[in-house]
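Student: Sequential numbering of the sequence shown, starting at 1, is according to full-length UniProt numbering.
Keep in mind that the hints were calculated from the coordinates and are not lab data.
Here the structure is a predicted model, which is why all the values come from computation and not from measurement.
Just so it is clear, CB atoms sit at the ideal spot from N, CA and C, and this is done for glycine as well.
A few of these clues could be false.
As the list claims (entries may be wrong) - Within a straight-line C-alpha distance of at most 25 Å, the following computed DSS-like cross-link-like pairs (lysine-lysine) qualify:
| # | residue 1 | residue 2 |
| --- | --- | --- |
| 1 | Lys768 | Lys732 |
| 2 | Lys791 | Lys842 |
| 3 | Lys616 | Lys667 |
| 4 | Lys768 | Lys791 |
| 5 | Lys948 | Lys791 |
| 6 | Lys105 | Lys169 |
| 7 | Lys812 | Lys791 |
| 8 | Lys487 | Lys508 |
| 9 | Lys100 | Lys991 |
| 10 | Lys508 | Lys244 |
| 11 | Lys732 | Lys714 |
| 12 | Lys768 | Lys663 |
| 13 | Lys169 | Lys63 |
| 14 | Lys991 | Lys948 |
| 15 | Lys791 | Lys714 |
| 16 | Lys714 | Lys768 |
| 17 | Lys791 | Lys508 |
| 18 | Lys125 | Lys105 |
| 19 | Lys812 | Lys768 |
| 20 | Lys63 | Lys105 |
| 21 | Lys732 | Lys791 |
| 22 | Lys169 | Lys125 |
What the hints assert, rightly or not - Pairwise CB distance ranges (calculated):
| # | residue 1 | residue 2 | range |
| --- | --- | --- | --- |
| 23 | Ser804 | Val697 | 51 to 57 Å |
| 24 | Asp993 | Thr115 | 42 to 48 Å |
| 25 | Pro843 | Gly211 | 56 to 62 Å |
| 26 | Asp566 | Pro506 | 27 to 33 Å |
| 27 | Ser442 | Leu165 | 54 to 60 Å |
| 28 | Thr568 | Pro506 | 31 to 37 Å |
| 29 | Gln909 | Val697 | 26 to 32 Å |
| 30 | Leu535 | Lys991 | 44 to 50 Å |
| 31 | Ser442 | Glu536 | 21 to 27 Å |
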Amino acid sequence: MNLNKLYPLITSILLASVWYSCQPEPDASSGTDNHAAYLALSLEERQEAQNATGSFETAEGLKATLFAGEPMVINPTNMAIDERGRVWVCESYNYAVPEKEQTEKGGRIIILTDTDGDGRADERKVYYQGEDVHLALGINKLGRHLYVSRSPNLLVFTDLDGDDLPDRKDTLFTGMGNPGDHSAHALVFGPDGRFYFNYGNAGKQVLLPDGTPAVDYRSGRQVVANGQPYHGGMIFRCEPDGSKLEVLAHNFRNNYEVAVDAFGSLWQSDNDDDGNRSVRINYIQEYGNYGYLDERTGAHWSAVRTGMHDSIPQRHWHQNDPGVVPNMLITGAGSPAGITVYEGELLPERFRGQLIHADAGPNVVRAYPVRAQGAGYRAETLPLLKSPYDQWFRPVDVATAPDGSLMIADWYDPIVGGAAAGDHEKGRIFRLAPTDTSYRWSEPDLSTIPGAITGLQNPNESVRYLAWQTLHEAGAEAEPALLELWKQQDRTRHRARALWLLGQLPGKGNEYVGAAIRDAEEMIRISGLRLARRLEMDLLPVARQLVRDPSPAVRAELAIALRHTDGTEAAAIWAELAEQYDGADRWYLEALGIGADPHWETFFSAWLDRVGEGWKQAGGRDIIWRSRSRAAAPLLADLIADPQTSETERLRYFRAFDYHSGKDKNKALLGLLEADHPRQDAIDALVLQHLETEDLVRSPALNNALQRTLDNLKGGWQYVDLVARYQLRGRKEELLQIAASSGEPEAAALAAGVLIDPATFDGMELIKERIYTDDASAPALIRAIRATGRKSAFELLQSIVLDSTLSLETQKAAVTAMSQTWTGEDYLLASVQDEAFPDALKPMAASILFSVYRTSIHEEAAAYLDRPANIREEELPPIRVLAATVGNAVRGRALFENQCQICHRVNGQGVQFGPDLSDIGNKLDKAGLYRSILYPNEGVNYGYETYKLSLRSGGVVVGLLASETETAMDLKIMGGDVQSYPRSDIADLEKMDNSLMPNISLAMEQEELIDLVEYLAALGVANTL
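Work the whole structure out from these sequences, hints included.
Tutor: Right under this line is the structure:
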């Protein structure tokens, strides 16, 4: 290598991809007889569609067959199967293709038909092609309408004459972000006759077709992710005409498709921030907060908070915060995509009624068998189909056909997501069914009541939709047939589907709701309660009958239903529900909170009156922790002051104070300063961190506690935080000492930022004096001030570089510091243009300036510095040749540790700036790794984009957006440091198009590049590395 320092390996493998965990890739020698023929093929032959199933492992009793492959289908993103068994596909063949290279514009909607029932498509038709369906991520065929989700729009195509071509195109909703992975996903038809859909955290808002902001019809709030109250990704419900839009849940990251079962229960997956192994599967409690961002501030999950969990999956989703619904299952890392509930009978029993999910990252389709756990569920993973021998298999959607078989859409690419792709010509649809099962079924006449009754029991959504419409329109005429279905006690899901229709018969709502809530089946009682809400009935009579239901799931559903009911009786019923909380069922606790959120004062008061001193029991403590009532604040203080409260619980109760505000909160906290607790010092410190300082009167007790706490802390980020929070300007020397310490780099950077703020501490001269008089402290101080991004910091760094009286080591530290920020690069370039720039630093400066992001700097630096020689003079061979070459993983590991760990972690070692790469070998094959290194700007994944902040106080900072709130933005810069910038100091924010790194292969010998890829390809696969 000819560079002393490389920019981090933030490529599409790191920024564009979603990291996941999966089964280790089997060694070729361990392949079964079924795989032997496949493994004997060449790489090119393995990648041919007709050979694809040879790489699969399927669940016992099932077989995967190719339904369609390229060129019949290319780059499928989502699919729907109509009542005739035809597969409708969104094709995004221009994904990640530059506009000038596109041979066909836009995207396509195609129809694939198996005309002879052999399970193989033999007819293809283009239904629609246009720019407005380029990057469409959702499709559903419901009667004559085709619903296509392509942000910002949810489009409705209508075929009026049955020729499989659209005669009309309308917009149901718009304004939902831009086309891309984190935007709008597929619309689905629920058993209640309503539509459900969702978007990820790039959706941002919903507008009506005329551009008017959409409003949640229940709460009256505008549907926008601005923290008031909504954050991130959301789930929606509406009537088929788009009216009565509701936000059903929020605060997801990239929730990809929602599934609705016969009972009206909602399920979905959500993708984590890359590299955190925290992909989750959620059971949706309606109106719940799912915890990606801080509910109050919108801060990123990585932001420091009281009691934050040690476990990354728990921390990632704020699972120990009050008001966050628990996760049902963590699947590790992955690229979660399409999901459905399988309600057919063709597949084996163990898959019936279960979630089926496509995860493109680990090349697998799984089932998640669920079991009731209190008011919620737990789940396990059960592989249906995986591809251990071909990492290009990218299942992105799964859907149930009318015969009960599953169709699986395969994106087929070495890369998945993040605006990057390595292939633009392939794509597959597979059929998964019992061995030797033909693609045929008895097609009922869905226009008749008997045929519609049969169709209502079909596992295919399009069939059920047509059946529902026929039965709904038939009204009372359909009641006898629906009653027969309702009476089939061994067919609970079919009974539920009948119930939804029976209850919507004119004048029949009370009768069927009453029958349902008295039913022996728990899920029928829940469906009955949901039906009552659907009919907007008076819920109090229903609530009286269910308030003592033996099922915690039923009572939890009732608690949620009370969200839209107020008054004294509603409060009393909620209090009775709360009294039955056992202190262990988090699902039940959050259901209580969801129901009480609009009514905390009245509901909480009714509960306190009911339980009396019972609030001190485990269940009562949890309700106080979850409550947002003003009356909960003094009770939280009592729990904290109780010597029997454990340290973990104490932190939990202090965190709950973050969800309170005003005088009641401060009064309760200030009272704790005089608690005389055995751990009073720890309590004092936490009180000081949680007090609201605006208009806070500095009492003697507060000042004494502040001085005691600072004396006890003796440094660290908490010390710095308190000094800044309470503006203790007399502690400048202590801040300087912390900034000069190399033991806690985060605290040092924070101390430097506080100290040099001219509006408060104005301590730049103190820092300069220490650097110039203490060589031992200089490197740490230099590292600390470069993270601030302030103009004064870079001016000091430049003066250090040009000052010959300082040691060469101190000057080198300043050059290194300048190399790690955008503004620093400008100051370093200006420094080399100065005649005083030392010759001894020129090689170091050259290795930096000729490898930075901006080519303009390369050009200017060339007039003053010798360009480093390019070690690799020959052109690299094609990727397919590189991928077939075996390197030395041990040498590759040394290269990675020397050059890449400054920003990436592997197995706990390295800096957490870019994504963790511990499993990257399970994610990408060698071809994908080479593409990502050679073409670093080909794709930048959501959440890892480069941002440039221009500060009013001077200077520009470039890095990754770590977190943002109403008052500040946190930027993560090279080396992993996070610096917070007040919004008042931000003059401009710009998102850059490219990755932070140039093509680092230019500074590598071919052998080094091959060794590095060999090492990366082994990560997550070869445990010896």
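Student: With reference to the structure, classify each hint as holding or not holding.
Tutor: Cross-check of the supplied hints:
| no. | hint | result |
| --- | --- | --- |
| 1 | Lys768 <-> Lys732 | 14 Å, holds |
| 2 | Lys791 <-> Lys842 | 23 Å, holds |
| 3 | Lys616 <-> Lys667 | 21 Å, holds |
| 4 | Lys768 <-> Lys791 | 14 Å, holds |
| 5 | Lys948 <-> Lys791 | 15 Å, holds |
| 6 | Lys105 <-> Lys169 | 19 Å, holds |
| 7 | Lys812 <-> Lys791 | 20 Å, holds |
| 8 | Lys487 <-> Lys508 | 17 Å, holds |
| 9 | Lys100 <-> Lys991 | 23 Å, holds |
| 10 | Lys508 <-> Lys244 | 22 Å, holds |
| 11 | Lys732 <-> Lys714 | 13 Å, holds |
| 12 | Lys768 <-> Lys663 | 42 Å, violated |
| 13 | Lys169 <-> Lys63 | 39 Å, violated |
| 14 | Lys991 <-> Lys948 | 6 Å, holds |
| 15 | Lys791 <-> Lys714 | 30 Å, violated |
| 16 | Lys714 <-> Lys768 | 23 Å, holds |
| 17 | Lys791 <-> Lys508 | 72 Å, violated |
| 18 | Lys125 <-> Lys105 | 18 Å, holds |
| 19 | Lys812 <-> Lys768 | 16 Å, holds |
| 20 | Lys63 <-> Lys105 | 37 Å, violated |
| 21 | Lys732 <-> Lys791 | 20 Å, holds |
| 22 | Lys169 <-> Lys125 | 18 Å, holds |
| 23 | Ser804 <-> Val697: 51 to 57 Å | 54 Å, holds |
| 24 | Asp993 <-> Thr115: 42 to 48 Å | 46 Å, holds |
| 25 | Pro843 <-> Gly211: 56 to 62 Å | 58 Å, holds |
| 26 | Asp566 <-> Pro506: 27 to 33 Å | 29 Å, holds |
| 27 | Ser442 <-> Leu165: 54 to 60 Å | 29 Å, violated |
| 28 | Thr568 <-> Pro506: 31 to 37 Å | 33 Å, holds |
| 29 | Gln909 <-> Val697: 26 to 32 Å | 49 Å, violated |
| 30 | Leu535 <-> Lys991: 44 to 50 Å | 46 Å, holds |
| 31 | Ser442 <-> Glu536: 21 to 27 Å | 38 Å, violated |
In the structure shown, a violation is registered for the earlier hints numbered 12, 13, 15, 17, 20, 27, 29 and 31, in ascending order.
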